[in-house]
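Chains V and R, in that order, give the protein sequences.
-1 is the number of the first residue of the first sequence in the working numbering; add one for each residue after it.
-1 is the number of the first residue of the second sequence in the working numbering; add one for each residue after it.
Think of the hints as simulated: they come from the structure by calculation, not from any bench.
Among these hints, one or two may not hold up.
Computed cross-link-like contacts, SDA-like style, restricted to lysine to any residue with a CA-CA straight-line distance of at most 20 Å [unchecked claim]: (1) V:Lys407 <-> R:Trp416; (2) R:Lys80 <-> V:Asn406; (3) R:Lys281 <-> R:Ile264; (4) R:Lys239 <-> R:Gly220; (5) R:Lys407 <-> V:Asn406.
In this text, all values refer to a predicted model and were calculated from it rather than measured experimentally.
2 protein chains.
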Amino acid sequence: MKKSNYKNCYTENRICVPETSLPRVVVVGGGFAGLSFIKKLKNKPVQLILIDKDNHHQFLPLLYQVATSGIEPDSIVFPYRKLFRRYKNLTYRMAEVMRVDPQRNLVETNIGTVEYDYLVLATGSTTNFFGIESVARFGVGLKSVTDALDIRSHLLQNLEQAAITCIKEEKEALSSVVIVGGGPAGVEMAGALAEFKKYILPKDYPELRRTDIKIYLIEATGKLLGEMPDELSNKTLDYLKKMDVEVLLNTAVEAYNGEIVKLNNIKFINASALIWTAGIKGKAPEGLDKSVENRQNRIRVNRLNYVEGYNNIFVIGDLAVMETKKYPRGHPMVAQAAIQQGRKLADNLLALLYNKEVTEFEYRDKGSMATIGKKKAVASIKNLRFSGFLAWIIWSVIHLMSIIGVRNKFLIGLNWMWSYFTYDKGDRVIIRKYQPKKGNHHEIIKKAFELKN
Amino acid sequence: MKKSNYKNCYTENRICVPETSLPRVVVVGGGFAGLSFIKKLKNKPVQLILIDKDNHHQFLPLLYQVATSGIEPDSIVFPYRKLFRRYKNLTYRMAEVMRVDPQRNLVETNIGTVEYDYLVLATGSTTNFFGIESVARFGVGLKSVTDALDIRSHLLQNLEQAAITCIKEEKEALSSVVIVGGGPAGVEMAGALAEFKKYILPKDYPELRRTDIKIYLIEATGKLLGEMPDELSNKTLDYLKKMDVEVLLNTAVEAYNGEIVKLNNIKFINASALIWTAGIKGKAPEGLDKSVENRQNRIRVNRLNYVEGYNNIFVIGDLAVMETKKYPRGHPMVAQAAIQQGRKLADNLLALLYNKEVTEFEYRDKGSMATIGKKKAVASIKNLRFSGFLAWIIWSVIHLMSIIGVRNKFLIGLNWMWSYFTYDKGDRVIIRKYQPKKGNHHEIIKKAFELKN
Chain V
-1 MKKSNYKNCY TENRICVPET SLPRVVVVGG GFAGLSFIKK LKNKPVQLIL IDKDNHHQFL
59 PLLYQVATSG IEPDSIVFPY RKLFRRYKNL TYRMAEVMRV DPQRNLVETN IGTVEYDYLV
119 LATGSTTNFF GIESVARFGV GLKSVTDALD IRSHLLQNLE QAAITCIKEE KEALSSVVIV
179 GGGPAGVEMA GALAEFKKYI LPKDYPELRR TDIKIYLIEA TGKLLGEMPD ELSNKTLDYL
239 KKMDVEVLLN TAVEAYNGEI VKLNNIKFIN ASALIWTAGI KGKAPEGLDK SVENRQNRIR
299 VNRLNYVEGY NNIFVIGDLA VMETKKYPRG HPMVAQAAIQ QGRKLADNLL ALLYNKEVTE
359 FEYRDKGSMA TIGKKKAVAS IKNLRFSGFL AWIIWSVIHL MSIIGVRNKF LIGLNWMWSY
419 FTYDKGDRVI IRKYQPKKGN HHEIIKKAFE LKN
Chain R
-1 MKKSNYKNCY TENRICVPET SLPRVVVVGG GFAGLSFIKK LKNKPVQLIL IDKDNHHQFL
59 PLLYQVATSG IEPDSIVFPY RKLFRRYKNL TYRMAEVMRV DPQRNLVETN IGTVEYDYLV
119 LATGSTTNFF GIESVARFGV GLKSVTDALD IRSHLLQNLE QAAITCIKEE KEALSSVVIV
179 GGGPAGVEMA GALAEFKKYI LPKDYPELRR TDIKIYLIEA TGKLLGEMPD ELSNKTLDYL
239 KKMDVEVLLN TAVEAYNGEI VKLNNIKFIN ASALIWTAGI KGKAPEGLDK SVENRQNRIR
299 VNRLNYVEGY NNIFVIGDLA VMETKKYPRG HPMVAQAAIQ QGRKLADNLL ALLYNKEVTE
359 FEYRDKGSMA TIGKKKAVAS IKNLRFSGFL AWIIWSVIHL MSIIGVRNKF LIGLNWMWSY
419 FTYDKGDRVI IRKYQPKKGN HHEIIKKAFE LKN
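Just chain V, same shape as in the assembly (with noise of 0.2 Å):
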């Protein structure tokens, strides 16, 4: 492994990278699949080049904190340099992927290109807003820290605008937020600008009253986390209409202007945001044939995370869809499908590697959570079923041990132990402002008012 050696550096547009006589995996993204998959390859006879456009791993389960002031970016995100420090077989390249040239085993990046022997896709997934064009335009996703710190500065500034009209419907307009998605990241998000608006809201701005401001789920099924069993499902609707959350279930929606929400009963919310949960799909890059794609953007793979027609192309993660037997449409797009893909995958490349057995893939469902608000969390783990104090005393462990480095946990640890005790949460500060992508604010509304009759 002679990491000194760059002599490729520059030559023929190539990204600099050492030069060994190892197997070179070039690893793109690194989530959660990406990162369990590099962990289990440390120092081991494969050479690593992990490919990111950022230069730190994101903790995503927990960006509905950092967009409700709860916690700080940085305490949900770990720098890529400092995590593979003991990593002598790694190389971090910070690039973004432009296209993937198989023919000639090729990555290219906005700095150069990059020469693989396997290749391990593990870009994850982005917010789909399945076409609804307005929606996309001026609604946002919470799929990454940008997102967070948007819906941040957007929810704050709203507010400060909400405190000096006195147009009724403007105000209202203002100081509501419609989240659509009833899954994990909706539920939680509405909870957690719940627990905002009754703690935090009357002291900070008394230009607003309660009543003014309204906070919106909207669910197309018939229920919120549909992957729960009913008992909590239920429970957790009940959490949040104590909360004051307006539940809307089998209801879509079908416009958005910036200001209106329109749904599919041809009813009208007055929102000025609307966070968009709804639905994801995978970030695939161009250069694979395009069959191996379906629906979702998703890319179809083996049982051993092989590409359907390339022999030394993976994905791992969100992005890729194994059809199985229980699983017909793939596995959920979630964080544990993605740990243990990648870790699967890094044990059958060095089986592969040694001219050892490989083995399928076998998902294990380890269950799942959420947390509402304050000592209010659902947790559903094997067959077994938790509700109130102690799913929330579970929720918080789990999320604790599974963030990476001792600051963050401590960070984090201390940032919930401090809402806890105080009511409040961290500061809700407007570092760098949000451009609300939207017209004149009452041309807007006057032409929702149109669309509404």
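Chain V is fixed; fit chain R onto it per the hints.
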């Protein structure tokens, strides 16, 4: 103090604020000066309207630590609405002041106008590039949290680029930083970067040799920390030299193209980052008679902080220049002067309203200090001079005490302890990418070389 009367909302484009029978004091800017003024008038018989474009107070003395990933931005800011929860006589409005209209006693902002009985301008200062356009364009100041985050992203992005280039001159430029200005801000920035270079870089960037990375501190006069006794200035120079910072005294920057710094002694330095701390100027709003501004855009005030020629407009803090015998060119633009002026003006305003005697402002110099690195600081307090560990403890304690909020004190104290014991820093992450203000990389280097010849 009727807080619910918002009749004036939006009529005549007015900002919506409560109507009271109390004299209305509009304060523009919630920095050290504005804040200390407001604090003294808590629940006193005046109506306070605070206008600031940011929704939070910023503790600027620790900006350099945010820029070097030592602490997070949220630790040095505090939201106004939280700060003023118990102020029954204060209304905060997030707005940017466009103009003052002294004839009509109006402040014009981007969200409407507001009438005042008394106006207190505390808008502070901004970076002064002294008309060196190329430096203003390609360099970065260090006067706000956004500046600090820009510097952080910029430096980290440069290092990622440095790691992959093999062109010696490019590598050198990308891993070097030039800091201009040998005052406390420049010295502290240089020291923090030197520690980053020593403890973090070799571990995080095996691609870079320590000799590739250079930190320059450039000062136009013959000594660092001009306000300090020579003994401490020399000590500071010693510290920095030992920490491998190249200090260039009696040197001025003439031009910068984003890659190469041109000095007045016909020398050149390759550096892709230039941090300018060499000067500040007042941020005077439009509308006052131009004759009251000095060459630094500061506004001339008398010993009661009245602006010359106006009987209800005051200026305090960095923006005010009060020419006295002891300070013929005004007081130093530092936190202490701002805080003392704010408090004094509050006292005088109350005296004015109660028909008591007003008294002239007298600056009490409490001394100055700067920290260079771990256990390395200098402090000059009255006739006492400290350096080394003791000065470092004094510096740390005073800064921790001065920062607003228990939570912030706690977070910063914790971060400092963490760095102290681990020789590590906070997460060096690029959350929002910095767009360097430069064109094509190679193109600019070429041009700069033409410049050399």
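Going through the hints against the structure:
Between the alpha carbons of Lys407 of chain V and Trp416 of chain R the distance comes to roughly 13 Å, so the proposed pair stays at or under 20 Å and holds. Among the hinted pairs, Lys80 of chain R with Asn406 of chain V is inconsistent with the structure: their alpha-carbon atoms are about 25 Å apart, more than 20 Å. Pair hint Lys281 of chain R plus Ile264 of chain R does not hold up; C-alpha atoms about 33 Å apart against a cutoff of 20 Å. For a cut-off of 20 Å, the pair hint linking Lys239 of chain R to Gly220 of chain R stands: about 15 Å separates their Cα positions.
For the hint linking Lys407 of chain R to Asn406 of chain V, the alpha-carbon distance of about 18 Å falls within 20 Å, and the restraint holds.
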